[in-house]
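Visitor: In the order they appear, the protein sequences are chains A and B. Residues 1 to 387, numbered by the numbering used here, are exactly what the first sequence covers, in order. Residues 1 to 387, numbered by the numbering used here, are exactly what the second sequence covers, in order.
Please keep in mind that the hints were generated in silico from the structure rather than gathered at the bench. Wrong hints could be hidden among the right ones.
You can't tell identical chains apart in this list, so a pair holds if it fits in one copy or across any two.
To be verified - Simulated pairs of lysine to aspartate or glutamate, EDC-like, Cα-Cα distance not exceeding 20 Å: (1) 70 to 376; (2) 127 to 26; (3) 2 to 175; (4) 127 to 24; (5) 313 to 205; (6) 127 to 17; (7) 127 to 299; (8) 164 to 181; (9) 225 to 254; (10) 79 to 46; (11) 313 to 132; (12) 105 to 216; (13) 164 to 216; (14) 2 to 53; (15) 79 to 270; (16) 225 to 49; (17) 2 to 158; (18) 105 to 52.
These numbers were taken from a predicted model, which means no experiment stands behind them.
Number of protein chains: 2
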Amino acid sequence: MKIAILGFGVVGRGVYEICQNLSELEVVRILDLPSVGQVLPIVTFDYNEILEDEAVECVVECMGGLHPAKEFILAALEKGKHVVTSNKAVLAAYYDEFTALAAKKGLCLGIEAAVAGGVPYLAALRKAARVEPLSRVAGILNGTTNYILSRMAGEGSDFAVALKAAQELGYAEADPSADIDGIDVQNKTVLACAMGFGLAPAPADIPCFGIRTVSDQDVARARAKGRVIKLLGEGQLIEGRLFASVEPVLTPADSLEAAVPMNFNLATLEGASIGTLKFYGQGAGSLPTGNAVVQDLLDIAAGLPLCPPAGAKPTLDLTALSARWELRLAAAVADEAAALLGDAVALREEAGEAVVFETAEMAAAEFYAVRKQLQEKDAALFAARIL
Amino acid sequence: MKIAILGFGVVGRGVYEICQNLSELEVVRILDLPSVGQVLPIVTFDYNEILEDEAVECVVECMGGLHPAKEFILAALEKGKHVVTSNKAVLAAYYDEFTALAAKKGLCLGIEAAVAGGVPYLAALRKAARVEPLSRVAGILNGTTNYILSRMAGEGSDFAVALKAAQELGYAEADPSADIDGIDVQNKTVLACAMGFGLAPAPADIPCFGIRTVSDQDVARARAKGRVIKLLGEGQLIEGRLFASVEPVLTPADSLEAAVPMNFNLATLEGASIGTLKFYGQGAGSLPTGNAVVQDLLDIAAGLPLCPPAGAKPTLDLTALSARWELRLAAAVADEAAALLGDAVALREEAGEAVVFETAEMAAAEFYAVRKQLQEKDAALFAARIL
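Take these sequences, add in the hints, and give me the full structure.
Guide: Next up, the structure:
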């Protein structure tokens, strides 16, 4: 199959390199920026050349960002070309539009590389969902935040030191907001829900709380309770209603999640007959992510449809889940927190200049509303669901 | 697709139950023993009825054992029917014969359920090996032994108590030899090597050491060294030579392997671009294993080939791997062990009435030869590779 790669950065180069060893795939065009220059004879700066080239059967979009990625993907599909992309942001924002056009044109949209990098998680969701409705998709889906949390848990580093180390290793960007505020996981959770449950919620409809405010005391307190803090993206189907969230969780110290080191990912699916499956590996990087792109390309070349589950879509409903949370905030806001939580306060204790609450079981929607109100009073508050 | 199930025990019933909800698959015949009786109208006691029924496109063999499973599988293929089986023993013994006949007839042989039960590990190997040669397949592939080792590590139970608990829970059979002596993992390792490297070694050619002799002191000593004992089946491709083994390993206490609880499985693959992937889930049980069978059936119904990797086969060569081992044996045999190990003794220490050695890096073939000689002197010796 002849393919064109859009964007010759980290992922695009990985795809190109892996394809050199595969007779089934031939990279015939690469779209790059004029500022970079023509490093290979097949590089072009004009997307129209690729669109008009009828030999190109599949476009691999590795540019990132919303625009012009969205327009380029739609144009490729309109021209009858399959699309494979590693771009979780554009997929989460326009998933329904892309899949509708692909279906109308009888084309494939490959998105494996957009979630958990090299870990074949979306393919596993697609396969598992053929057999039975899934009940849960969840995971440590961001290597940057897992690296930061691992450093904090392992060496007692504070957040700023761990973030700096992540940046020096190239795991975190100069502006790390998309990672540490959970936006990247939010986009991936949209796609995991789409593949597992057939519903792609709007990213903004998934409540999202990152790890920007986690302190070394929070990490130490978790350890003392036999827990480890991890950032989890999750979707649960509960009596036909879909709960979804991105937030820190306190996972038992002997869980598989707690053992995920460095910048690795671990993604979970659950179903009635299959039970719990977990998938571990590199969630980012040139070759692992390139490998995931190539898996989609080989499936498309072999004529596999790559379809997400059809059928009735669940409704997003944040009251579907009841759980317990830990909430740490400034002592000055503690009484207001207690009042807002009301009967749901199960434990309240001093922790230096902060106060820590544990809630009783309560509806997620209710806790998130309280969290939001209190964030306006204490922007440094930390909250984590207790698993 | 119309299918027939051979054997209506734990796995066969799971397959039947899951198929009831899938329009793509129809169970039209079940072969059972006359002694069981005709529990369903589609039950027959005569395999010829299934062979002669042209409507049956695929035979699902869930009888277990070598005979008549082997003859039934070959007869189904001869009659032009696809075969899916969960029977690792018959697959490991006759893999080349089955795959040659299936290829000659243009038929599929589905074996997903034979390794790691519900965990989609063989499919992952097949997909990963399309992109690049794999360098390692390995795993905790037997739930019974992992349950026993988990009980011993968690509660300090001795082996007999943990085995009895496993038997009471139905995880271990009345005669547990196939599990605790590693034979089950040996068969699964054959199949993992077949799918990952294209070579199915003869089971007997894979050195195999089980957990029958592990003592509570061995477990405690491992813990003191920051390690956990797990039974690992493994294949490694080292400069074109295939190393394979089944043996206890001392894995770091913070590794994912150490965190695998109860009767769960965790299987690993490694490749140059994909890095390390790990797959976790239920390695046995009616519905998880049935689910894996059904995944193969759905792939076959969709026209997917389920082919293992083609190309040059590696050679099995047990000198390919160098590693370090721990060896615990009776004090009376210690001097002989020291003499056999020679320069490879890195550490020797008293441990009650036993002596414990740690070796320097040495060729696996060499260590296994020493282990075999010493086993004849001390049948209760314990040996584990240090990871």
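Visitor: Give me the numbers of the hints this structure contradicts, sorted from smallest to largest.
Guide: Violated hints: 1, 3, 12, 15, 16, 17; rest satisfied.
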